[in-house]
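**Q** Next come the chains, spelled out residue by residue.
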Amino acid sequence: MSAAGGRRVVITGVGVTAPGGIGVKDFWQLLADGRTATRRISFFDPSSFRSQIAAEADFDAELSGLTPQEIRRMDRAAQFAVVTAREAVADSGLDFAAVDPHRVGVTIGSAVGATTGLDQEYRAVSDGGRLDLVDHEYAVPHLYNYLVPSSFATEVAWAVGAEGPGTVVSTGCTSGLDSVGYATDLIRDGAADVVVAGASDAPISPITVACFDAIKATTARNDDPEHASRPFDASRTGFVLGEGAAVFVLEELESARRRGAHIYAEVAGYATRSNAFHMTGLRPDGAEMAEAIRVALDEARLGPEDIDYINAHGSGTKQNDRHETAAFKRSLGEHAYRTPVSSIKSMVGHSLGAIGSIEIAASVLAMEHSVVPPTANLHTPDPECDLDYVPLTARDWRTDTVLSVGSGFGGFQSAVVLARPDRSAR
Amino acid sequence: MPTTSPFTLDDLRRILREAAGEEEGVDLTGDIIDTDFTALGYESLALLETGGRIEREYDISLDDSALTDVVTPRGLIDIVNAQLAAAQSV
Amino acid sequence: MNARPLVTGLGVVAPNGLGLEEYWAATLAGRSAIGRITRFDPTDYPSRLAGEISGFDAREHLPSRLLPQTDRMTQLALVGADWSLTDAGIDAAELPDYAAGVITASHSGGFEFGQNELKALWSKGGRYVSAYQSFAWFYAVNSGQISIRHGLRGPSSVVVSDQAGGLDALAQARRQIRKGTSVVVAGAVDASICSWGWVAQLAGGRLATGDDAARAYLPFDEDARGHVPGEGGALLVVEDAEHARARGAQNVYGVLAGHAATMDPRPGSGRAPGIERAVEEALRDAGIGPDEVDVVFADAAAIPELDRAEAEAITKTFGPHGVPVTAPKTMTGRLYSGAAPLDVAAALLSIRDGIIPPTVGSSPNDRYDIDLVIGAPRPAPVRTALVLARGQGGFNSALVVRAADS
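Protein chains in written order, with UniProt numbering: chain E, 1 to 426; chain W, 1 to 90; chain S, 1 to 406.
Hints are computed from structural coordinates only; laboratory data are not their basis.
Check each hint, because a few of them may be wrong.
Covered stretches of chain S (chain W as the covering partner; in silico rule of three or more C-beta atoms under 8 Å from a C-beta of chain W) [to be verified]:
1) 54-66
2) 130-141
For lysine to aspartate or glutamate, the following DMTMM-like pairs were computed, each having C-alpha atoms within a straight-line distance of at most 20 Å [what the hints assert, rightly or not]:
3) K318(E) <-> E18(W)
4) K216(E) <-> D69(W)
5) K216(E) <-> D59(W)
6) K179(S) <-> D223(S)
7) K124(S) <-> E55(W)
8) K216(E) <-> E55(W)
9) K124(S) <-> E18(W)
Covered, in the sense of this in silico footprint (three residues per stretch, anywhere, with C-beta under 8 Å from a C-beta of chain S), are these stretches of chain W [claimed, not checked]:
10) 7-20
11) 42-54
All values derive from a computational prediction rather than experimental measurement.
Even for Gly, the Cβ is constructed at its ideal location relative to N, Cα and C.
Start from the sequences and build out the full structure, keeping to the hints where you can.
**A** Pasting the structure below:
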């Protein structure tokens, strides 16, 4: 069951498209500086909505190398996925032309697919919501690609030349972790040797803002957008919607070593569990997330004391931050109090299905730089959140092993353990 | 002061049914005015949907806390009527 | 690690039959459910036929608390999941914590629910959007709702690979069984027969036009010109063999023996499509040769170029007319990600009953050297079946199911 003895999977390439950081370098600088990329929504006039804040990516599709036809047929999230995959592939140094395309897979996580494209196109075919029977004469030819988000995997496969297994993993807000977990299984099982894996979402559109307004999940701290995402702070009032993508090149360890690849980290353990409780609610005790963490550690053959840093889900809702704090204590015991925990959602917002992969990127970069990114905007911790959340300022911290967790609508609770491949077994 | 409440328990029953159905084993037609919503089978999401429908139908705006802190039908009905009265007096 | 993933429960919601035996009887009788769309007025659209599920009243099957927050496809999926667990004789509440999960495929989520909320947003304003919209339409909703309804806290997942996703979900369930999970409810149910979903499907360019239900969806036929969509699918109980044995499972339909998924190359690359490789690798994964396969349930795209690729993949592996091929989905329409799990259910029933269901409507084009089972069901001992599924965007998936004692 564990990686040991079988095929092991490592990350050899990283790409990130995030608010405040297009590309790995800028993304990491944002995190290391503890700057926030949240602002008043500029993509449309948000004044009729309860929450008017988002973390928007200053993404220029043309400057990012997409052709006019690619731009035309792809939803923004698909564009993110392709551009970010290309960055990861270039970063990996792997000559994809020399790899058997049949052995290369693609898994892309996305919670809401081409929501932004669908929202726009619905307006056109329904004539602004007036028509019950929408008019196909006004449909764009690529509307089918918006209908079914597996088009993201197709676009990435075409971009990198993959012909192995391909899919989109769509488990709500844990998609970005689950996509990497799924890809890891593909390589371990021998279904692929290389997988271009990650996640992308671009949900900042009226329908998404409205649906989170309706359940008051997003913050309405509209007068102070830069400080609106406040995970673990006593004054937090909900999450800030974000967007972006992170994509990785995952490879089988031995072949990565043979070609002398730079290895960021091993995907040493992964597990997901469901709370079977509520589509949007969480059981306060964090039992299912704790179980996912325990199983992921077990798979990695590591113990709680091996975890150097926890990259939290930290969405900034009242419920979540207490839930996962409980889960960390439940799974790691006393070690939870000794381990730095931070939420990059304080800086880049919550990009739904993408954020799990963006958080894995932050985690491997923390390992790379031996720096733990901070939780921005954390001034007065919630008394029920009593761990070390690395407030405001990044911390120099030797980081060999990271736990990254996520929690999502539908009850999904996932955990990924990243480690240096040369660690000694427990 | 109006002599009759514009928002009644029957209004709430109707909107609850539309918004969130009825829990098996619960009789909404019974004496529920002081029964906890949780005992009636309605959790926060059901109350948010219910609140949204009330806001739209009666053209009022309920505070965030109105729906998260309210415990019983009586509590919610009182809040809605206070809002309606305030809207009338403007 | 070497746990055998058996199928011990089948839950079917199909246009030509609600429930397993109703579906199977209709399928063997060659009864098609394809007809003019009734769920909206299709008059002004170029495609007007679908395989609709009629006579499904969610109120008869589900608590009223669930109805306002669920799309039709989720209601169908919840009922399919109930039936699969009942068929398996499993009371999920009696399973240990984390012993069971849910893995579904999705195609377009709860699109009809989404259409209603988009209409509310754009015609009336943001405050008219439902509190349920945040999850009722999204792709993960069926796995989430099924897990909640039955208290399934083990590993759950959702895959989207267009119309191939249903097999990928079963393959992922197989993987989880091998990693130690006892039970996975797996498969897919889809339904997007609303005008918004219809317009988006029309844009895909693969829908058959016209009004003649008997001549609309004709895979491998000279007149193949697109498919008819349908709604429904199947959820299967996939169970570790040891677990099934220990509890004395009442039904053992077969074993998920092998799987492979591939993607087609980029258009214009001149490279071969991936379907043949999916077939070869699935057989290899199952550890069997082509001679051991007794029937192929075809993807049956009914697009000439795709029919040719599939027919060639079959003849290359099995030889000309080397294996019976069938497409009972000609009676239901293509159920998107629900189609392949329904085919897997049909394949397992073929194994159980020793009979291959027919393909209706099509007369195989002479260009294809395949032995298409047409007109009437064909009695034959079936021990091993290969189920194929493809999705727009180049997805290919192949699953081998075998009799449990093979």
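**Q** Indicate, hint by hint, whether the structure satisfies it.
**A** Right, here's what the structure says about each hint:
1. Residues of the segment 54-66 of chain S lying with their CB closer than 8 Å to a CB of chain W number 4, which satisfies the three-residue condition for coverage.
2. Only residues whose beta carbon comes within less than 8 Å of a beta carbon in chain W count, and the segment 130-141 of chain S has 3; three or more means the coverage holds.
3. Of the pairs offered as hints, the one joining K318(E) and E18(W) is violated, with about 28 Å between alpha carbons and a cut-off of 20 Å exceeded.
4. Between the alpha carbons of K216(E) and D69(W) the distance comes to roughly 13 Å, so the proposed pair stays at or under 20 Å and holds.
5. Proximity of K216(E) to D59(W) is assessed by CA-CA distance (about 18 Å); at most 20 Å being required, the pair is judged to hold.
6. With a C-alpha separation of about 46 Å, the suggested pairing of K179(S) with D223(S) is violated against the 20 Å cut-off.
7. In summary, the hint linking K124(S) to E55(W) is supported, as the alpha carbons are separated by about 13 Å, within the 20 Å threshold.
8. Between K216(E) and E55(W) the alpha-carbon distance is near 14 Å, which keeps this suggested pair within the 20 Å criterion.
9. The suggested pairing of K124(S) with E18(W) holds, with an alpha-carbon distance near 19 Å, which does not exceed 20 Å.
10. With 4 residues having a Cβ less than 8 Å from any Cβ of chain S, the segment 7-20 of chain W passes the three-residue criterion, so the hint holds.
11. Look at the segment 42-54 of chain W against chain S: 5 of its residues bring a Cβ nearer than 8 Å to a Cβ of that chain, three or more, so the hint holds.
Violation of the numbered hints given earlier is confined to hints 3, 6; the remaining hints are satisfied by the structure.
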